[in-house]
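2 protein chains.
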Amino acid sequence: MDKSKLENSETKRDEIVLPYTLSTSSAIYNGWFMECIDASCPGQAFCLKVDPNPVTCLKSDYQDIKVLKSESYGNVLVLDGIINCTERDECSYQEMMTHLAMCSHKNPKKVLIIGGGDGGIAREAAKHACVQRVDQCEIDEKVVDVCRDHLESMSRGYDNDKVDLHIGDGFVFLKERKQEYDVIITDSSDPIGPAEVLFGLEYYKLLYESLKSGGIIVSQGESLWIDGGMDYMPELIKEISSIFPSVDYAYTYIPSYTTGQIGFILASKDEGTNFRKPVRILSDVEKSSMNLQYYSEKVHESSFVFPRFIQKVLDQCLNRN
Amino acid sequence: MDKSKLENSETKRDEIVLPYTLSTSSAIYNGWFMECIDASCPGQAFCLKVDPNPVTCLKSDYQDIKVLKSESYGNVLVLDGIINCTERDECSYQEMMTHLAMCSHKNPKKVLIIGGGDGGIAREAAKHACVQRVDQCEIDEKVVDVCRDHLESMSRGYDNDKVDLHIGDGFVFLKERKQEYDVIITDSSDPIGPAEVLFGLEYYKLLYESLKSGGIIVSQGESLWIDGGMDYMPELIKEISSIFPSVDYAYTYIPSYTTGQIGFILASKDEGTNFRKPVRILSDVEKSSMNLQYYSEKVHESSFVFPRFIQKVLDQCLNRN
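Note that the protein sequences, when read in sequence, are chains A and B.
First residue of the first sequence? That's 1 in UniProt numbering, and the numbers climb one at a time after it.
First residue of the second sequence? That's 1 in UniProt numbering, and the numbers climb one at a time after it.
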């Protein structure tokens, strides 16, 4: 057993040099980036050791965009001071969000992505042989440009001929598309800033109308270990149930996100959709040719299993009692 | 939806004030405690907002012991600069470590805990009606004293008449007990410092000899998302398989631990033990009377389901290919 890396921990800990005061505009001090989502998750923060010089750093019309080169998580996309994705663990988020929805639909041919500027969701959606077209509507062209330049493992999603990228407002895009899509994936940042409207009921009504019969949606659903998430997510799920006949909630594990996990809201236009068992099982050959690092049907099923204290809240808002 | 907490994030983030230089001996600066396991998990760190005055802070013969009062995780036990447990999320670790093993045994009557100074594992083990006696051997009496004073929700485990606490070296304790226990739980800190020997093969041989026929062990098994964990845990699991005929590996989510999860090594003296399905299913009445916040049989089963890239490594070292 090679435990050499575990030695001299005392010495190494003494070397850590951290910022004295942080702000979003200049969040790197002495080689450490600190993410603090103090609004929704007070009293905790995650730090990454990074190259003191950001790979890139700019302000778009919508947000502050940075790519940092981290010591152990690869390149990191940071939007308004919050970690959006890292090269090391993005597989968890991108694969789970995409394939939970895609494998809950018998034959998804036309997919829409709202947001998802890094390109990782497009990369995953286009992998399904049955998919003929992936439309994507991202509001911030600068995020796409930055990811094309510095997060190639994700942005190569745009190189697939099936993928058609539109720059614009997801709300407006949806209003013009009625009953067009089999699956709609909303890959948004947190409900602070430009993504706030994507957590409202008005938005879910538009999603419903843009889906074909039997269509399925999946949206970013925060974490129920976060105070902010537990405060409003169950209420949102309940409200979505007044629009969609089938609604469920899953999660995935991702080390670089606050609390180490993030949830997904799933909903279907069909009554009686059981998201907890995939209707399309990917064969081992398919999983390998799709280069899946994270998703399997067992992972799919277990992503609906919550600790008792969370399950109780979900059972109540999903009317499963 | 109450989203008031999500507002003014920019302002709040600007208020964060962090340490300039950290060391284990004085790790609280301007109200933030930073945990950095740089040896096994380089380049990342977790921070908690805490009362600048530790609840307690002392040095025992074995380690540096602190209890901090955090803003959002309750009281926090910190050993040698590493978060050992927090009042907010300890249920995950204590319940999963205990009940994964306890519910894999048909009728556990006599249980041994090595380590577990906070008392939380004793609290959980004693909850099983079939259990007649819980021996516990903790090397550091000062950890027990500190937890009795400041982490009552865990240390009340010691108040149960079934629990018999011994202060001493787990190695010596095991050598004197042959074929005595149905379940042995090793609740150790990381393999740096006093707990290092509890990750060696010699220790696992002693565990085997102290178990009754059909006996089961569970041990703290790091995280396979940590470089250090992935470097040596698969090798350790392989080596344990040369002593125990049945070995498996599970994990649980816990926000305050590095990477948000921690693993468990499970092993049985019986060939063909299937840890992945509990042999004792706790009824809803039992789960409620045991006041379980985290564990259920579904959570038990899903704790063996890993992402594909980890599953591949485990399948190899568990000879499941």
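Hints in this document: simulated from the structure, not taken from any laboratory.
One or more hints might be untrue.
Unchecked claim - Within a straight-line C-alpha distance of at most 27 Å, the following computed DSSO-like cross-link-like pairs (lysine-lysine) qualify: (1) A:312 - B:312; (2) B:175 - B:298; (3) A:312 - B:269; (4) A:277 - A:238; (5) A:277 - B:312; (6) A:269 - A:178; (7) A:298 - B:175; (8) A:298 - B:109; (9) B:298 - A:277; (10) A:238 - B:298; (11) A:312 - B:238; (12) A:298 - B:298; (13) A:162 - A:142; (14) A:110 - A:205; (15) A:142 - A:106; (16) A:287 - B:298; (17) A:277 - A:109; (18) A:277 - B:287; (19) A:277 - B:175; (20) B:277 - A:49; (21) B:175 - A:287; (22) B:69 - B:110; (23) A:298 - B:212; (24) B:109 - B:49; (25) A:287 - B:287; (26) A:238 - A:175; (27) A:287 - A:110; (28) A:298 - B:238.
As the list claims (entries may be wrong) - Away from chain B, derived, C-beta distances all over 10 Å, residues of chain A: (29) 58; (30) 71; (31) 141; (32) 255; (33) 272; (34) 302.
We put the beta carbon where it would ideally sit given N, CA and C, even for glycine.
task = Take the C-alpha atoms of residue 110 of chain A and residue 205 of chain A, compute the straight-line distance between them, and say whether it is at most 27 Å.
result = Holds. Residue 110 of chain A to residue 205 of chain A sits at ~19 Å (cutoff 27 Å).
Is it true that the CA of residue 109 of chain B sits at most 27 Å from the CA of residue 49 of chain B?
violated (42 Å)
Discussion item. A cut-off of 10 Å on Cβ-Cβ distance, and residue 302 of chain A was said to be off the interface with chain B. Does that hold?
Written reply: Residue 302 of chain A not clear of chain B: closest Cβ-Cβ about 4 Å, inside 10 Å.
Keeping to a limit of 27 Å between CA atoms, is the pair of residue 175 of chain B and residue 298 of chain B held or broken? violated (36 Å)
Check your understanding: Is the Cα-Cα distance between residue 277 of chain B and residue 49 of chain A 27 Å or less?
Key -> Distance ~40 Å between residue 277 of chain B and residue 49 of chain A Cα, so the pair is violated.
Given pair status - residue 298 of chain B, residue 238 of chain A, alpha carbons within 27 Å: Holds, at roughly 24 Å.
**Message:** With the threshold set at 27 Å, check whether the alpha-carbon distance from residue 312 of chain A to residue 312 of chain B stays at or below it.
**Reply:** violated (33 Å)
Original post:
Straight-line Cα separation of residue 312 of chain A and residue 269 of chain B no greater than 27 Å?
Top reply: violated (36 Å)
Note to self: Please verify whether residue 69 of chain B and residue 110 of chain B have alpha carbons no more than 27 Å apart.
What the structure shows: violated (35 Å)
Point to revise | Pair hint residue 312 of chain A and residue 238 of chain B, alpha-carbon separation not exceeding 27 Å | key: Outside the cut-off at roughly 38 Å; violated.
27 Å Cα cutoff - pair residue 277 of chain A, residue 312 of chain B:
It holds: about 22 Å lies between the C-alpha atoms, which stays within 27 Å.
Are the Cα atoms of residue 277 of chain A and residue 109 of chain A separated by 27 Å or less?
With a Cα-Cα distance of about 20 Å, the restraint between residue 277 of chain A and residue 109 of chain A holds, given a limit of 27 Å.
Comparing the model with each numbered hint stated earlier shows that hints 1, 2, 3, 7, 8, 11, 15, 19, 20, 21, 22, 23, 24, 25, 30, 32, 34 do not hold.
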